[in-house]
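Student: Work out the full structure, taking the sequences as your base and the hints as a guide.
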Amino acid sequence: MAAPLRGVLAGDAARWRHYTLAPALAVFLALTLLPIANLLVMSVHDIRWEQGVAQWAFAGTRHFAALPGDQLFRDGLVNTALFAVCAVSAELVLGFVLALFASRVVRGRLFYRTAFLLPILIPGIVIGAIWKLAYNPDFGVINQLLGLVGLPGKDWLGEKTLAFASIVVVDIWHWTPFVFLLLLAGLESLPQDVHEAARIDGASAWQELRHVTLPMMWPAIAVTAVFRLIVSFKVFDEVYLLTGGGPGTATEVLSFTVYRRFFTEDRIGYGSAMSVVVLSLLTLLIVVSLAALRRQRDEA
Amino acid sequence: MSIATAIPRATRLAALVTFAALAPAAALAQKVAPITVVINQSPWFGGFAKVVEAYEKETGNKVNLDVNPFAGSAEKQRSSVRSKEGQFDLLVMNSTWLAEFYHGGFLVPLNEIDPAFKLDPQVIGYDDTAYWDPKTKTNSSKTGQVYGVPINGNIGVLYYRADLYEQAGLKVPTTWDELLANARKLHNPPNVYGMVLRGARSASDISYDWMPYLHSYGGAIFKDEKAGDFTVTLNSPQAKQAFDMYLELAKTAGPPNPGSYGQAQVIQALVTGKAAHGTPVIAAWSQMDDPTKSAVVGKMGVAVLPRGPGGQHAPTLGHFIGAIPKNIPKERQVAALTFLKWFQTYDAQLKYAQAGQPPIRKDVYAAADFGKKPEYRWMKAMVDSAPYPRMMYTVPEGAQIVSVIELRLNQAVIGERTSTDALNTAAAEIHEIMRKAGYKTGRLPDLK
Amino acid sequence: MVGSRAASLGMHTVLAVAALVVIFPVVWIGIAALKTQIALLRGDVFFTPVWTNFNELLFSRSSDYLRDFLNSLIVASISTALVMVVATLAAYSLHRLGWPRWVPAAVLLWSLVFHMLPPITMVGPWYVMFRGLGLDNTYTGLVAAHLALNLPIGIWLLSVFVREIPIELEEAARVDGCTTPQMLWRIVVPLVAPGLAATAVICFVFSWNEFAVALNLTAKQTATVPVAIARFAQEYEIKHGVMAAGAVLSAIPAVLLLLVAQRHIVKGLTAGAIR
Numbered sequence: 001m002a003a004p005l006r007g008v009l010a011g012d013a014a015r016w017r018h019y020t021l022a023p024a025l026a027v028f029l030a031l032t033l034l035p036i037a038n039l040l041v042m043s044v045h046d047i048r049w050e051q052g053v054a055q056w057a058f059a060g061t062r063h064f065a066a067l068p069g070d071q072l073f074r075d076g077l078v079n080t081a082l083f084a085v086c087a088v089s090a091e092l093v094l095g096f097v098l099a100l101f102a103s104r105v106v107r108g109r110l111f112y113r114t115a116f117l118l119p120i121l122i123p124g125i126v127i128g129a130i131w132k133l134a135y136n137p138d139f140g141v142i143n144q145l146l147g148l149v150g151l152p153g154k155d156w157l158g159e160k161t162l163a164f165a166s167i168v169v170v171d172i173w174h175w176t177p178f179v180f181l182l183l184l185a186g187l188e189s190l191p192q193d194v195h196e197a198a199r200i201d202g203a204s205a206w207q208e209l210r211h212v213t214l215p216m217m218w219p220a221i222a223v224t225a226v227f228r229l230i231v232s233f234k235v236f237d238e239v240y241l242l243t244g245g246g247p248g249t250a251t252e253v254l255s256f257t258v259y260r261r262f263f264t265e266d267r268i269g270y271g272s273a274m275s276v277v278v279l280s281l282l283t284l285l286i287v288v289s290l291a292a293l294r295r296q297r298d299e300a
Numbered sequence: 001m002s003i004a005t006a007i008p009r010a011t012r013l014a015a016l017v018t019f020a021a022l023a024p025a026a027a028l029a030q031k032v033a034p035i036t037v038v039i040n041q042s043p044w045f046g047g048f049a050k051v052v053e054a055y056e057k058e059t060g061n062k063v064n065l066d067v068n069p070f071a072g073s074a075e076k077q078r079s080s081v082r083s084k085e086g087q088f089d090l091l092v093m094n095s096t097w098l099a100e101f102y103h104g105g106f107l108v109p110l111n112e113i114d115p116a117f118k119l120d121p122q123v124i125g126y127d128d129t130a131y132w133d134p135k136t137k138t139n140s141s142k143t144g145q146v147y148g149v150p151i152n153g154n155i156g157v158l159y160y161r162a163d164l165y166e167q168a169g170l171k172v173p174t175t176w177d178e179l180l181a182n183a184r185k186l187h188n189p190p191n192v193y194g195m196v197l198r199g200a201r202s203a204s205d206i207s208y209d210w211m212p213y214l215h216s217y218g219g220a221i222f223k224d225e226k227a228g229d230f231t232v233t234l235n236s237p238q239a240k241q242a243f244d245m246y247l248e249l250a251k252t253a254g255p256p257n258p259g260s261y262g263q264a265q266v267i268q269a270l271v272t273g274k275a276a277h278g279t280p281v282i283a284a285w286s287q288m289d290d291p292t293k294s295a296v297v298g299k300m301g302v303a304v305l306p307r308g309p310g311g312q313h314a315p316t317l318g319h320f321i322g323a324i325p326k327n328i329p330k331e332r333q334v335a336a337l338t339f340l341k342w343f344q345t346y347d348a349q350l351k352y353a354q355a356g357q358p359p360i361r362k363d364v365y366a367a368a369d370f371g372k373k374p375e376y377r378w379m380k381a382m383v384d385s386a387p388y389p390r391m392m393y394t395v396p397e398g399a400q401i402v403s404v405i406e407l408r409l410n411q412a413v414i415g416e417r418t419s420t421d422a423l424n425t426a427a428a429e430i431h432e433i434m435r436k437a438g439y440k441t442g443r444l445p446d447l448k
Numbered sequence: 001m002v003g004s005r006a007a008s009l010g011m012h013t014v015l016a017v018a019a020l021v022v023i024f025p026v027v028w029i030g031i032a033a034l035k036t037q038i039a040l041l042r043g044d045v046f047f048t049p050v051w052t053n054f055n056e057l058l059f060s061r062s063s064d065y066l067r068d069f070l071n072s073l074i075v076a077s078i079s080t081a082l083v084m085v086v087a088t089l090a091a092y093s094l095h096r097l098g099w100p101r102w103v104p105a106a107v108l109l110w111s112l113v114f115h116m117l118p119p120i121t122m123v124g125p126w127y128v129m130f131r132g133l134g135l136d137n138t139y140t141g142l143v144a145a146h147l148a149l150n151l152p153i154g155i156w157l158l159s160v161f162v163r164e165i166p167i168e169l170e171e172a173a174r175v176d177g178c179t180t181p182q183m184l185w186r187i188v189v190p191l192v193a194p195g196l197a198a199t200a201v202i203c204f205v206f207s208w209n210e211f212a213v214a215l216n217l218t219a220k221q222t223a224t225v226p227v228a229i230a231r232f233a234q235e236y237e238i239k240h241g242v243m244a245a246g247a248v249l250s251a252i253p254a255v256l257l258l259l260v261a262q263r264h265i266v267k268g269l270t271a272g273a274i275r
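Residue numbers (the working numbering), protein chains in the order written: chain A, 1 to 300; chain B, 1 to 448; chain C, 1 to 275.
Bear in mind the hints are in silico, worked out from the structure with no lab data behind them.
Be careful, since some hints might not be right.
[What the hints assert, rightly or not] Which stretches of chain A does chain C cover? Using the computed rule of at least three CB atoms under 8 Å from a CB of chain C, they are:
| id | segment |
| --- | --- |
| 1 | 64-77 |
| 2 | 157-168 |
[Claimed, not checked] Computed cross-link-like contacts, BS3-like style, restricted to lysine-lysine with a CA-CA straight-line distance of at most 27 Å:
| id | chain 1 | residue 1 | chain 2 | residue 2 |
| --- | --- | --- | --- | --- |
| 3 | B | K57 | C | K220 |
| 4 | C | K220 | B | K330 |
| 5 | C | K220 | B | K226 |
| 6 | B | K326 | B | K137 |
| 7 | B | K142 | B | K372 |
| 8 | B | K351 | C | K220 |
| 9 | B | K142 | B | K118 |
| 10 | A | K154 | B | K62 |
| 11 | B | K351 | B | K372 |
| 12 | C | K220 | B | K341 |
| 13 | B | K62 | A | K160 |
| 14 | B | K31 | B | K341 |
| 15 | B | K448 | B | K240 |
| 16 | C | K220 | B | K326 |
| 17 | B | K251 | A | K160 |
| 18 | B | K351 | B | K380 |
| 19 | B | K341 | B | K137 |
| 20 | C | K220 | B | K62 |
| 21 | B | K84 | C | K220 |
| 22 | B | K50 | C | K220 |
Treat the numbers as computed from the prediction; the structure is a model and nothing was measured.
C-beta: ideal position from N, C-alpha, C; glycine also.
Tutor: Below, the structure written as structure tokens:
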């Protein structure tokens, strides 16, 4: 709800509402307008450099038309969507369960909170490099451990479906802490009186979860899900270091394709168009998932 | 006189005396503005830094080194040359983005700074990449001007287990067929793989690894790049021979998953003793004899890359050229050129080689010390390779072309496509790229 | 509070197993920092620990880690502090100061759209902009960039927590003659403390680990930790040991921050404040 406190608001709040929003608006105006406008403009141009000067040529919708024919883009789209959905749902479930338990136990809460935070503290490039070593079929620690219990080692990054699954695993390891941290904070901010009332009324733990906790946690879960989804669409470091998009195009993800087209191949116009399309598709995905989540919540 | 004037005068006097003392050593270099060199971190960086230190000591000129990770180096240099005033005075560019910078017109011909400058004749040619002719848009020492000085002569070489060769009584291969035979003999999975290839798909793995095969079998991506004929010949019979040889090595002497080996994994296999042969670049040599990095210290041999039957050796360039951007003030351009002049001298290159890095001058390789000492045994391979290195591509569309080759060849290695299909598809896609970019191009009919 | 001991034991088991799975790779990275490169590449289980990785990271000519660490500390702390202030003010303003419906929707949507862009696509225009203002290779430039990058998540998260504050509480305070600044300081901030702490940690970590923009807007003097670590992922040699050492040291500030932030989270504040 956005418009409470009618009578008391005049004067004081009316003044302060502008001052308090101004800093954020200033940041957006100064720093975000230019990049987005730039991206949109570049997506309909072709830019070449000659004699040290940029030559802009209007390209209309040519770049957008070329996208469906780009195999890396098509595969990237499918892979990224699949990756995002698998990884994010797993992270939401795991993160929520862990946060729920961590908020309920009395002892060791600080330990769990710190322990679960550790993966996101590590720079993406280190995660990629270290997991690459771990997945190495000849020397990696994972196959070594499997060998200890008598199981055969696998080529984690060499087979197509396995490579995809391996990357999802790394992502889950990397980002469940993010979900955990936010949902734990959310759980701890919930007013306790509603829980107490439910318990007094004789509700079981499961009912309490479904009808009290989850609905109240919905905003926190939704925001975490949305941001997690967005960041998973931007996944780059891990893929770059683990598989480079291979084998074949099994792990080609969009941000990688964008990076390759935009930077490595220096096709700025085309890369911008790709970014714009990805952005639009992502917005669509978010709107659809939020609507689905909301319908689920309303049915509960 | 007041203190205020006395001190500057004293400083000037001191400077004069110091300069006079250093003059003989600094005869080649005069006192110039400080410069900033942009360069990426690498195994040979240590050697370069030592050489820079020597330059600063000898001439009193200041050189700042802006050291970046390799990933992102191209972007940083791009940003600098495209802005109104550049951040960097000397660009150390890798061969992968050399074409882009030449075509974009960002570099200044060195003779514009100093009409008398010439590249020392002892400096290795590196496929004429230090020269550029803006009219024909080619690297030509005949019609072009000199734009840069090579900083590092990194090329691909053949690493082989000299100890296993001795045990099995094998000779160093000069052709791919001989290499195949040797690799098969030493192939003993899972302990030792005969040959590890860079079959992975990345910014540049399998395409770089396969180029020497293609060129030494007499094939090429384009019909005649230097003459401006960009007819795509990637799917020629010679190319098929070259690729089939590659696949044969992978299948009969390689690990079960060559499609996931990037350069780092190939080097890992070599240093852990898991591979009998591999073809990473010479820059990886520093890891081979280091006991903290290698389990095969003293056991590695290096040789020039093999060639196809009747063909020429054709190692691919992965080198670095130092050039000067247009968008910096004249005095810094002069300063940067002063450094380059010093860098290409015999003394400077000798220091470079003593630090274990491939020097850019032919005569340094012949210096007395190196032939005898086992730690310099890599030099013979470099000398043998010197007349042959080739560029992968010389057009700004190179990155797109490599992208196609990486994907299609990798698909063949992992068994998704046949070699014929891979080459045909790649050729068709490259033709499209060149056609859209407005080059004079065409293509060969599909291989059957 | 939790009910049966069995349930408590069950929860502890799940948490402990999860903690093990999560910590194992982290510990492995810590161990990697003490291994020689060949020991790492070969996957040696038994090895002689060495300090050479830390040596190379901290003291070699090719590394400037201590300065880069300081740079990261400055940039991450300042940008996080700014994000927290700006986001809290904005979140409270949007949801509790009577803007018409479309204003919070527009601001939230714009920030989300901006957040969707890969940071590398912003490098180009930002580089040109900052260089024009003389802000490239400065703390100011990078702090501003990180402020922009993390503000969306700051505003969204704070929105969630601000909206959980019961309206009655605010109405009561207003009736008592509370001004907006007082409201923010005495009521809002204490109530969203857990959310503030979590968001601060997230923003700090994101800023600390940010690579693409940091690489392009900084040079030798202002380079940050991810740039420093990336220098060891070279084209022909990934120096895993040194990178691991860098990662170990790099995690320390965030862990400290988390421990400090925990101390300021007092559960059950909400229950107490209303009465």
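Student: Give a verdict on every hint.
Tutor: Verification of the hints:
no.: 1; hint: 64-77; in the structure: violated (count 0)
no.: 2; hint: 157-168; in the structure: violated (count 0)
no.: 3; hint: B:K57 with C:K220; in the structure: holds (22 Å)
no.: 4; hint: C:K220 with B:K330; in the structure: holds (23 Å)
no.: 5; hint: C:K220 with B:K226; in the structure: violated (39 Å)
no.: 6; hint: B:K326 with B:K137; in the structure: holds (18 Å)
no.: 7; hint: B:K142 with B:K372; in the structure: violated (37 Å)
no.: 8; hint: B:K351 with C:K220; in the structure: holds (26 Å)
no.: 9; hint: B:K142 with B:K118; in the structure: holds (13 Å)
no.: 10; hint: A:K154 with B:K62; in the structure: violated (53 Å)
no.: 11; hint: B:K351 with B:K372; in the structure: holds (17 Å)
no.: 12; hint: C:K220 with B:K341; in the structure: holds (25 Å)
no.: 13; hint: B:K62 with A:K160; in the structure: violated (52 Å)
no.: 14; hint: B:K31 with B:K341; in the structure: holds (13 Å)
no.: 15; hint: B:K448 with B:K240; in the structure: holds (10 Å)
no.: 16; hint: C:K220 with B:K326; in the structure: holds (22 Å)
no.: 17; hint: B:K251 with A:K160; in the structure: holds (19 Å)
no.: 18; hint: B:K351 with B:K380; in the structure: holds (18 Å)
no.: 19; hint: B:K341 with B:K137; in the structure: holds (25 Å)
no.: 20; hint: C:K220 with B:K62; in the structure: holds (15 Å)
no.: 21; hint: B:K84 with C:K220; in the structure: holds (21 Å)
no.: 22; hint: B:K50 with C:K220; in the structure: holds (18 Å)
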